[in-house]
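Student: The lines below spell out each chain.
Number of protein chains: 2
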Amino acid sequence: MEALKQRIRKDGIVKEGNVLKVDSFLNHQLDIQLFEQMGEEFKRRFEGEEINKILTIEASGIAIACIVARYFNVPVVFAKKSKTKNIAGDVYTSRVESFTHGKVYDIMVSKDFLNPEDKVLIIDDFLANGKALIGLSQIVEDAGATLVGAGIAIEKGFQRGGDLLREIGVRVESLAIVEEMDVEKGIVFRETNQ
Amino acid sequence: MEALKQRIRKDGIVKEGNVLKVDSFLNHQLDIQLFEQMGEEFKRRFEGEEINKILTIEASGIAIACIVARYFNVPVVFAKKSKTKNIAGDVYTSRVESFTHGKVYDIMVSKDFLNPEDKVLIIDDFLANGKALIGLSQIVEDAGATLVGAGIAIEKGFQRGGDLLREIGVRVESLAIVEEMDVEKGIVFRETNQ
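Residue numbers (the numbering used here), protein chains in the order written: chain A, 1 to 194; chain B, 1001 to 1194.
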């Protein structure tokens, strides 16, 4: 998606340790108009697919998921990262290793909000090693629901999570795939047909 | 806001310990259409006010804030609850005691995203003892920005945070104020003019 790539080129900051800082528009300050363009683009890519629920993970995934959900006219469910006293009853859980936070955590979704009739689109802001997406896919599978695909804003193509998931048959649609990035040389995007 | 009150009556579950469970539509599964009605209502209530930024706090506040932001055509900034390696540089911080999680945590906003020119509307899903709202207000003040007001989905009126904030001059607009709630007797809303 050209508008997103341009924005990453303009405002993204590459830092040591394969960190791409996009917090001025994607995951700390949120550019809602850009998210609406992303929603339109995901709607175009998943046109014709039956989708009745969007699944994401706290925190920054929620922002994009909510705007995208408007284009599909479906509710959002977000996986929580810690057990609070407001989640009662049975939950689906999965373990995720975070690249950004450098730690392992459990994610959970109440069994009330995913069931075998659900056709699920996963939305997230980043895809790197794919661990969050695998964790969410596991929860969809545990619920007996159908995973239609995953819509990602920025994929770090060089970290291979997206390619591994595609190889096992998950439909992953990323709006911008970073093929290479370097503090001095900047960002090279993967050439795609979209 | 009648639609929200009706939804709370229909799907909200009152639990021991002053917990109101609304996770089927407000803070785990998210009813985006209801959030759009809430956005329209906040826009109506803050009509004529100059607002150029919405501030909220992760995680469930983000969902409502993003949809509400569409009606004001402004970006959202969300306060983060833990320091990740993606937040670099200077941050505004404040300490918050969470009713839901029963613990104390620090919230932070990068200094890049709040400045003295900002006219800020705070949006959150719940207001109980007001600690999160006070923490966010403190951050707005530290940035030298102007706090226009706070838009809250559900206020627990009996926990007094909202009334205390109104007494010190903060404009707090809550779409549903729960005056009393009881596992057996259910929910009584505060009578308001709106």
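Incorrect hints may appear among the rest.
Derived DSS-like pairs (lysine-lysine); straight-line CA-CA distance at most 25 angstroms [what the hints assert, rightly or not]:
(1) 1111/B / 15/A
(2) 1131/B / 1081/B
(3) 1103/B / 103/A
For the record, the hints were derived by calculation from the structure and aren't laboratory data. What you are looking at is a predicted structure, and each value in this text was computed from that prediction instead of being measured.
Student: Please go over all the hints and tell whether each is borne out by the structure.
Tutor: So, going through the hints one by one against the coordinates:
1. 1111/B / 15/A: holds (19 angstroms)
2. 1131/B / 1081/B: holds (14 angstroms)
3. 1103/B / 103/A: Within the cut-off at roughly 21 angstroms; holds.
Checked against the numbered hints above, the structure violates none of them.
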